Every structure is written in structure tokens, then in C-alpha cells.
Amino acid sequence: MSRLVVNDLHAEVAGREILHGISFAVAPGEIHAFMGPNGAGKSTLAHAIMGRPGTTITKGSITLDGVDLTNLPAFARAQAGLFLGLQHPLEVPGVRLLDALVAALPDGDPSAIEEQLETAAKSIGLNPQLLTRALNVGLSGGERKRSEIVQLEVLRSPVALLDEIDSGLDVDALSAIGKHLSAAVADPTWQLSIVAITHFRRLLDVLTPDRIHVLVDGRLVDEGGPELVAVLEADGYARYRTPQDDPFAL
Amino acid sequence: MSLTTPQPLQSGPAWLQELRQRAATQVETLPMPSATEELWRYSPINDLDLGHFHAVVAPARGTATEALLAQLEATPACVISLIDGHVVGVDVSNLSAQVTVTTQVTDSTVVTPLASAAPSRLDALHDLYSPQPIVIDISPHANVEGPIVIVSELVEHKGLTTPWVHVRLGVGAQAEVAELVIGGGDTLTLSTTELTVADGAHLRHVAVQLADSSAWHLAHQLATVGRDATLESFSVGLGAAYDRVHTEVTITSPGGTSRLRSLYLGTDHQVHDVRTVQDHAAPHTNSDLLCKGAVADSSTSVFTGTIAVRNGAVRSDAVQNNHNLVLGEHASAESVPNLDIHENDVRCAHGSTVGPVDEEQRYYLESRGIAPHVAERLLVSGFFDDALDALPVKSVANLVRATLKSKLSKALNVELSNG
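So the sequences go chain by chain: A and B.
For the record, in the first sequence the residue sitting at position 188 is 188 according to the numbering used here, with numbers rising by one throughout.
For the record, in the second sequence the residue sitting at position 329 is 329 according to the numbering used here, with numbers rising by one throughout.
In case anyone wonders, no lab produced these hints; they're calculated from the structure.
Be a bit skeptical, because a hint or two may be false.
[What the hints assert, rightly or not] Here are the simulated distance ranges between beta carbons:
1) B:Glu360 / A:Pro110: 55 to 63 Å
2) A:Thr58 / B:Glu360: 21 to 29 Å
3) B:Val92 / A:Pro110: 41 to 49 Å
4) A:Thr119 / B:Arg347: 40 to 48 Å
5) B:Glu360 / A:Arg133: 16 to 24 Å
6) A:Gly141 / B:Thr103: 36 to 44 Å
7) B:Ser93 / A:Arg133: 37 to 45 Å
The structure presented is a predicted model; accordingly, all values stated were derived computationally and were not measured.
Beta carbons: idealized from backbone N, C-alpha and C, even for Gly.
Put together the whole structure using the sequences plus the hints.
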């Protein structure tokens, strides 16, 4: 049974259509990787699903466990079960991570949230002292990515959209993050579903995908199992592009 | 006693009565300030009707001072209580011999008459009606434990309040001073605070203005900072219809440092007006100013900050930053930096921002499931928290945070329990 269903999604940014009809479905506990060249629309896909203001869905639908999210604002989609791990998690001066999570879980017990936060941070190798600081302020790129996973673990969202979670990570951080995500996927009480947007194979070495989708010029042009990664790495994306799509082909 | 027919108060020492006689004439001869002047640009000063107010001859009883003091998180070194500008109590029970509070000042030179670069009728009114200047002396090398607190409670309807305080830190002394203002429905305050920080001394000063939203509150702060001395001064403007803080700091000797912070939150039709001068009068001096404010509803704010580097003040290092959040469609903020630099070998930096809450930050929080109005409150609180961490008198932190939080919840229409 599918959990996240994206059907014929068209989305535009600043009046220009970036996504031209994207369809896929992710079941509980599945990992789907979206790969493609620069400018293919990978980040736009994550933000269109999350509901970023300025990224407008013009056609198609997004449903989560049968609930139509298409016309909901970002926070309502997050409350429904989506989580977005940002490519560049930004600094939010004056807002402590704990306060943000307590605000995100209004029915939760703040001291229990604090405890979960500390446990998750320690387990992924993030100094718990960093949690008392304002969100991402003074954190390195690697620490910010670990913090994103810590937030996901406290929120326990059923679906994580991860936009290049692997960028800027050293080998140790990548392996820690891969381990945590794999555990969440395998956890029968969670069965995290992952939509992982990535440029590189190295994430998929630590996080084994069930399906690979190839996104080129705003369209899904190919799909396959994990074996597709090696093909993409060897051949690139040129074979998916028609000459008029390729700005470098003259 | 109407302000438009000046009559000097008959109390106090001879020098003060002479000063008032002069001031009575100056009230007639000096002009009212006008919004066409640079010093008053963007202010509602043209709406000030002096005929509406009168001098308070005998203060009534206050009702709010005690509850306010109960919110302080440290035992004050001493508490000076003012009602409508009159000293009604000086509690020195915790005062060490290192601090002297004088309310019957005999030395005419310890206060500065018409304490303004461009004196107006308001300065003369201040001098004319100030019942008694208060001088607080801290002995050389003293390290005073607990804040010296001056509470100014405004009570009398249509009353004019004119406090006059001079804090003098001796060489190498360290002290905290907190000025708190409360009350004041339909009142006018013209206050003057002088701060003298002698060589090697360190003064931590806060001025917290929580007056009623119908009050006019015009504060004037004048400071001098000596050799290797430090002034940290933080102004918080949450109350008053018109809240003006005019701060002029002159660093008179090498190694002197001035660290100014201002914070304001405007709601309804409030006007917050911060004017600052960082005056470098000697070489190797440092000043650093950060003014952060938010305007909601139909409120407005003005920041005009001047960095002055005088001839000879080489190697001066001056920083000035003003950041404004505009939270309402009908709210607006003006930010005007001025540089008056007479030396080349100096470092001056200034920055200013005016705009709504950062869209990316809001989206980031919303992507965690935080509703937009809660995200907005978190971001605005965070904007202020960032500055409040630097409060030089920590024992007023809870008072400021609690007042700010309740005001913010009202401004953003969010329940306090959220987050």
C-alpha cells in the first residue's frame, strides 16, 4: 500500500513551469532516490511537495495516507506527516532548537521532548551543548545535517524529504546519518519513508534505495532498482536529454 | 500649575532656585522643538500640547512600585523611589558605605542645565520643574553588589514628571544601575540621566520604560566615559504613546569603551524614537551600538544614530547597527545613520535593516509543523532574545522578558501557552 502518492505534479516558480508532470508513489518503509543533473528540478520537487511559498502547484496532486495535501500550507503538510531536511539548514538567531520542537509538538510534554532530543543528539554524535544554542547558529555544515536528522527523530514524521542531505558531509557524518535513517526505515513502529534527492552515489552506499528515479528537465525519464545508480554514474544523464533541452548542445 | 505660565518651585537650595529662575525665562525664550528639525524628524512632537499638562507640586501615593520591585532577581544595593519625579523613599538598608545617594544637592556644578546640544523649551521645562536632582556617587575602586535601582512611578493624571539623576562612578569603580519607569496614564515625562564613568570604571546601566500607552515619555541620557573605562547601557522601550530615548555618549580619553543597546516593541499607535550619538573625543576609543526594534499594528519607530569622530581621535573604532522588524501592514520604521568623521585613521561601520520576518526562516520552522503565527512569534522573540542576552543588569531580565512576551503575544494575537 502506498503512503505518499504524487500524481501528475506540475509546479512553477516565478511564473515558470519547472516540474512538468511528476508521478510516483512511496510505500511505508521505502527509500526512493531522485537523481538528476543540476537544474533538473530536484530541489523544486522537494519544495513543491513540502509547500514552500513561491513554489506553486498548477496541476496534479499530493496525497499522504489518502489525505490530499495539495492545497494545504507547509505547516499543515508537516503536521500531516511530511518532514523536509534542507540542503542548507539556515541559522535562526534567538530560536532554540528545543523551543522550535516544543512549538512543533504542542501536545507533547516539553521535558520529554528535551530528553528525546538529548538522546537523539548523543546517539548521532552531535554535542548536546549545541542544542542549547539558537537553531544552527555557529554550527558547522556537518553539525547542521546531523541536527536535521535529530529533529526528524524527535518529530517521528512518517515521510522525510531529504534535499541533498549528503552534501558537505565527511565520511563519518555520512555513515552516522545513513545508519540512523536506515534504522528508522527498518523500525516496525516507525517505517520511515524517504524521498532522497541526491547528486551522488555516496549517500546510496549508506542508505540502500528501493527505487531510483531519474529526473531530467522537470520530467521523470527513467526508473529502476539500485542497479541504476552504477549506470548513471558511468553514463551520466546525456542520453535522457533531447538536443533542444540541452543548453550546451549546439 | 500650568506649564504655559511658568512658576518656579520654591523648594530646594539657593543654587537650584536660581537655576529655576533662569529656566523660567528660558521657557519663554527657547523655541518648542519642531518635527522639521533633524533632531525631531519623524517624531510626533508637533502634537505635544503643553497646555494639557501641569507640574505636580505634591506627589500622590504610588501603587505599582512594590510589585515591580518584587520582579527583580537580585537584592538591590539601594532603591530610590520617585512618584511623579519627587523622591518619596530612599531605601539604603543594603547599601554599603561605597555608595552615597544625595537628594539635597549643595554643589551646583554636579548637574548640567539645559542638557542638550540644541536646547529647547522642553529642556528649560525640565530644569524649571525638577524638584530635586539626585546624585549617586560610587567611591573609587568600589565594586557594588546588587543593582542601584531608581523606580519612577507616574501617577497624577496630566502631570509633568521631570526626574534628574546623575550617577558618578569613581576611578576603577564597578556598579549596576537600573532605571525603571511605570504607570503614567496621560502624563508627560521629561527626564535627564547623566552618567559619569571615571578612568578605569565600569558602569552597567539599564533603563526600562514600561509606562502606560497614553504617556509621553522623553528621556535624555548624557554620558562621559574616561580612560580605559567602560559604559554598557541598555534601553528598553515597551510603554508610552511616544517613547523617546536620546543618548549622547562622549568618550573623553584613550581606551574608553561605550556599548549601547536599545530595544523597542511598538503596538497600536505607539511611536518609539531612539536618537544616539557615539562621540569619540579622544584617540583609541571604542563604541559599539546595536538597536533592535519591532513595530506591529499601526506603530512606528525612528532610529537616528550619529557616529562622531573629533579631530585627533585617531584609531577610533565605532560600530552602529539598527535592525527593524515590520510586523504590521500599517507599521513603519525609519532608520537614519549619520557619520561625522574628522579623522582618517579610524574604523567606522554601520548597518541597518528594515523589513518583515525572514521568509526562509519562517518556512524552515513551518516545515517542522509550526503554525505560521507561532513561527512568527518564535522568530520575533528570537530577534529580541538575541539582544537581551547582553542585558548588562541581569536582575531585570525576567521583568523585561515577561513584559515583552505578553506584549508580543497581544501584538501577534497568539496565546501565551503556544511554545
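Hints versus structure:
1. B:Glu360 / A:Pro110: 55 to 63 Å: About 26 Å separates the Cβ atoms of glutamate 360 (chain B) and proline 110 (chain A), which means 55 to 63 Å is violated.
2. A:Thr58 / B:Glu360: 21 to 29 Å: Taking Cβ atoms as reference, threonine 58 (chain A) and glutamate 360 (chain B) lie about 23 Å apart, which means the hint holds.
3. B:Val92 / A:Pro110: 41 to 49 Å: holds (43 Å)
4. A:Thr119 / B:Arg347: 40 to 48 Å: holds (47 Å)
5. B:Glu360 / A:Arg133: 16 to 24 Å: For arginine 133 (chain A) against glutamate 360 (chain B), whose Cβ atoms are near 19 Å apart, the range 16 to 24 Å holds.
6. A:Gly141 / B:Thr103: 36 to 44 Å: violated (59 Å)
7. B:Ser93 / A:Arg133: 37 to 45 Å: The hinted range 37 to 45 Å holds for serine 93 (chain B) and arginine 133 (chain A), with Cβ atoms some 40 Å apart.
Taken one by one, the earlier hints fail for this structure at numbers 1 and 6, listed in ascending order.
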